[in-house]
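Protein chains in written order, with the working numbering: chain A, 1 to 668; chain B, 1 to 291.
If you are wondering where the hints come from, they were derived from the structure by calculation, not from laboratory data.
Predicted model, so just to flag it, every value in this text is computed and none were measured.
Take the hints with a grain of salt, since some may be wrong.
What the hints assert, rightly or not - Taking lysine-lysine pairs in the DSS-like style, the calculated list, with each CA pair at most 30 Å apart, reads:
(1) B:Lys229 / B:Lys269
(2) A:Lys204 / A:Lys569
(3) A:Lys565 / B:Lys71
(4) B:Lys245 / B:Lys269
(5) B:Lys249 / B:Lys269
(6) A:Lys547 / B:Lys245
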Amino acid sequence: MPFYSAIAASGAAVTVLGGVAVMAVVTWFRFWPSLFGEWLSSLDHKKIGIMYIIVAFIMLARGFVDAAMMRAQQAIAYNSDGYLPPSHFDQIFSSHGTIMIFFMAMPFLTGLFNLIVPQQIGARDVAFPFMNSVSLWLTSAGAGLVLISLVIGVFSTAGWTGYPPYSETQYSPDVGVDYWLWAVLVSGVGSTMGGINFLVTIVKCRAPGMHFLRMPLFTWTALITSILMIFAFPALTVVCSMLALDRTLDFHFFTNGDGGNMMNYINLFWLWGHPEVYILILPAFGVFSEVVAVFSQKRLFAYISLVLATSAIGLLSFCVWLHHFFTMGSSETVNSFFGIMTTIIAVPTGVKVFDWLLTMYRGRLIFKPPMLFTIGFLVTFVIGGLTGVLMAIPPVDYMVHNTTFLIAHFHNMIIPGVLFGFLAGYMYWFPKAFGFKLNEWWGAASFWCWIIGFYLAFMPLYVLGLMGMPRRMEHYDIAAWQPHLIVAAIGAFIIFLGIVCLGVQLAVSIRDRKQLLDLTGDPWNGRTLEWLTSSPAAPYNFAVLPKIEGIDAFWHLKEHGLAYKRPAKYEPIVLPKNSLIGLFIGGAAFAFGFAMVWYIWWLAVLSLAAIAALIVIRASDDEPDFVMPASTVQAIEDERFEQLAKAPRNEMEDEPGFVGFPAPEAAK
Amino acid sequence: MALSITLLCGGCGILTSPDLNPKGPIAHAERQLLFDALSVMMIVIVPVFIMAALFTWRYRGSNAKARYTPKFDFYWPLEFLVWGAPLAIIVWLGVFHLWPGTHRLDPYKPLPSDVAPLQVEVVAQDWKWLFIYPEQDIAVVNELAFPVNTPLSLKITSDTVMNSLLIPSLGGQIYAMAGMQSRLHLLADEEGEYWGRNVQYSGKGFADQQFHAIAMSRDDFDAWVAKAKQSSGALDAAAYQALAKPSSKVPVTYYSGVEPDLFDSIIAKYAHGHDRLAAEAAEAGHEPAQP
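I would like the entire structure built from these sequences, with the hints used as guidance.
Structure (structure tokens):
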């Protein structure tokens, strides 16, 4: 129990009370049956996607609280201990990084894939719907382990990278590193399975005519990301298992002495860690590619270049891991090689930036919140790219490595590059998920808070890095640092306002959902196939699989008046039945992780046996699917076309790029 | 643009910051590399800012006068430029800055000088720095004194978790790892007291793990050595054992006389019978010694 500090105790109380409050609300509104029956057990990729994104937002809030506490501590800790003891401050920087990477960004991108990719390629579901549910619950189990570490025991103080020998039992004897390890291991298995799922889905489940070179850019980035996940995550699983063996069974892979070598850990970790950066950022690039074309009302510029650049980034991401430790004493030739490989990545990335700008060129820009995030990204991201190239030069890195310059650099990549992309995607695809749009005023307000807050919070860290300030300082005695840290804390506060705006936006939009209703399924005059389905899409997405004739498949259908053609009759559709087994496997994995953290061997054996039994039960189910009869499909589609017919004028109809909804007679 | 604004806002602080206000040729060369790369990169960065601002304004939805070509999606010359310009810059950067710069500023490479370098053996401990001067037979905790304009040749190891040694005014940074030896060559061309520290997080005393790096005249240095030699304690095996225990905010402590081969024995402690091999490999080769 966190009695070591009043602040940690209140954090634990918030965590527990939050959980209790959610349960109370669910009980009060009698949501339990529908929660279990329609959501937790769902194998529908759209619902799984929504649940992933809910996890991401919860963890974003928790991760942000960590960040705010660090900024507050550093703002006041000049020649003083501040308000956080080192043992607590060190847990906070470790949990902040772990949460933001593994349990905010990863679920967010997997959620967007789930929601959109099958609809973009004209598929009815992912290739393995059940495995999809298992992935979700393994990720949630990992997130649960991080959250519960605040209540029972402590979290790691070894940073999100967990470098040995510090993370070995000798120097970190408490359960913190174990919590970190098992949270990462459990969710890592989920991510690997997610990668397999989306690779197979994209390769095997495309609608007729959806050739590889007709796939929307978001699907392309999902494809490359999935490949990266499949190749990179095993390295993480291996290296974390080795460290777990060191800690639990007294092995000596990475210990000081006894034949251990921490450099192996660092190599293996970044062999996953660098591709991971692109796992996070490529999907966001995909979102930007969609958003910039739609809100410039223009075709995406140089589609083929963007595809090639995405693939090149995917390949190069495996060739640069050593730049994370230029200062470990490799020879000048090795360092130069990896430095040059790193700078080469700037080429395809630069190509993307220019092609997005050229998409805006001679377009008609509509400044909806997703577009604001995209333009904010373009301008801010190149600064991060610039500092990235600087740090790719080994001697410059010798100077600024491990300083706040590095912190500023990677937040400069990940906040505009990843988070802005995901928030743009969230606001862009929200109507697709729920059938109504999000309030634009609060969306724009959130954007301005995020971008202003970002500059205030992180530009000072570049300066501090050049002043030699190391990362992870609990206190300091150099007066010149303090003003910059105070500005950074103000920036963090403005980012907090941005998060508040997101919450208000959601609340206001739910309140005003009648006015924000999207009956067409195509609120933005979309170009890609996901806008052909109703909002929210029917369980089967497409009653009839569309025929794809080119890039911007939906646009093409609309132009030729084919988008809303009804078939003579509907066919029955096979769909997966709901199943709670994925949730149970997640629960057992959580119990297993918890047992391994606390060395509760009977529970570890029991939970592993439970997982095995659950897999056997699932595998023995000979009827995991059901057939939706043609009459039901007909009924759902009738309702859809009725709605289309009475859809009010779309705000996009006044735009020059508008290509049209069905004439009323099409609804018959 | 925004970066430069912030740099301006940070004005006074940034101009006197150790990285941009170097006190030795290594830090100076590292900073120069930073500036060179920065200016070359501006060739792509500035157009992005201009295009973003220009296109956002010119092609805003309310501007009906701007040209609108919804199907314009490819143009070979533009695409050639889009790939070619970043590629040319990266090649330029690699050939003229990155590759030669990395070779020139290799931290393992001894510095050319007429003066014989000062040898110092550095041990990272929880949470302090021990500097052993084998030629002078003294040792100091948390203070690194050396004559100005004399190459400083550091051999670095750790008797605890991984550390990283950085003196921002003089440049460089290299990890300190148990059972291995890494090297760092620095030089101060201006007298003064700078600060150095561990920049790799190493536990609860990390924030206070810093030391004074004092560049002094040859005479002052000799006086400093003499002062250290007069201190009562010697760093024998027992004294080292006591010192190596975790402690923070340790005041500067001088030892006259050091246990012979102390530095090598600290490395050997973790290297398990391969100590000779490890030390030789570290001496001859470039990689940190493998246990």
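In rising order, the numbers of the hints this structure does not comply with
6
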